[in-house]
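Engineer: So you can see what is in the structure, the chains are spelled out below.
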Amino acid sequence: EDQVTQSPEALRLQEGESSSLNCSYTVSGLRGLFWYRQDPGKGPEFLFTLYSAGEEKEKERLKATLTKKESFLHITAPKPEDSATYLCAVQPLISNFGNEKLTFGTGTRLTIIP
Amino acid sequence: KAGVTQTPRYLIKTRGQQVTLSCSPISGHRSVSWYQQTPGQGLQFLFEYFSETQRNKGNFPGRFSGRQFSNSRSEMNVSTLELGDSALYLCASSRGDTYYEQYFGPGTRLTVT
Numbered sequence: 079e080d081q082v083t084q085s086p087e088a089l090r091l092q093e094g095e096s097s098s099l100n101c102s103y104t105v106s107g108l109r110g111l112f113w114y115r116q117d118p119g120k121g122p123e124f125l126f127t128l129y130s131a132g133e134e135k136e137k138e139r140l141k142a143t144l145t146k147k148e149s150f151l152h153i154t155a156p157k158p159e160d161s162a163t164y165l166c167a168v169q170p171l172i173s174n175f176g177n178e179k180l181t182f183g184t185g186t187r188l189t190i191i192p
Numbered sequence: 098k099a100g101v102t103q104t105p106r107y108l109i110k111t112r113g114q115q116v117t118l119s120c121s122p123i124s125g126h127r128s129v130s131w132y133q134q135t136p137g138q139g140l141q142f143l144f145e146y147f148s149e150t151q152r153n154k155g156n157f158p159g160r161f162s163g164r165q166f167s168n169s170r171s172e173m174n175v176s177t178l179e180l181g182d183s184a185l186y187l188c189a190s191s192r193g194d195t196y197y198e199q200y201f202g203p204g205t206r207l208t209v210t
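Chains as they are written, first to last, in my numbering: chain L, 79 to 192; chain G, 98 to 210.
Treat the hints as calculated values from the structure; they're not laboratory data. It cannot be assumed that every hint is accurate.
Below are the DSS-like pairs computed for lysine-lysine, each with C-alpha atoms no more than 27 angstroms apart in a straight line [what the hints assert, rightly or not]:
(1) Lys-141/L / Lys-110/G
(2) Lys-146/L / Lys-157/L
(3) Lys-147/L / Lys-110/G
(4) Lys-120/L / Lys-157/L
Covered stretches of chain G, going by a simulated chain L footprint (3 or more residues, C-beta under 8 angstroms) [unchecked claim]:
(5) 119 to 125
(6) 141 to 154
Note that the coordinates shown come from a computational prediction; the quantities given were computed from them, not determined experimentally. C-beta: ideal position from N, C-alpha, C; glycine also.
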């Protein structure tokens, strides 16, 4: 069974203090790993998709990286508006078509203190 | 391009009743997936529809069902509501082809009393 574990559960940073969030996964073949941001009471907002080990993607102060066992979401010089829960999800490689199921981790709740 | 929309946004039901939630995907997206989100279990996959056919199903009881219409809009139904069904129900749409980026709607907050 696919499993996703995110750490830490919660993280408080001072504004400008860089850090990383971890997502470790177990899946029988990885089609894609996804990062989402979720604000309270809202649906998850898509951030990145990573498909293969060694891949990196960046968006503003966020950078996502992928290895064969885990993914990191690096946040550089964060601002208070980066406060949210960050979710990681994996999609298994079962077939080339027809498997939309995502298995999510429980998220990291990030708080940036001004 | 308009995002995923879900109606209603909030719902209060009594135990034993049934409920129907609606989801309109992004224009051009043919796949709609449904998830349940609770504080204890996080986001859990319910089922996915593509071209009016259920393509994937999670581990939920048969009280949870869904359907998709020819315009890709989808509905989810929960019969015989239980207190434990209180959750945020999210739908996500995607193109449904090789690239699986899913885009979520704002969710429907269901409270069962």
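Engineer: Against the structure shown, which of the earlier numbered hints fail to hold, in ascending order?
Structural biologist: 1, 2, 3, 5
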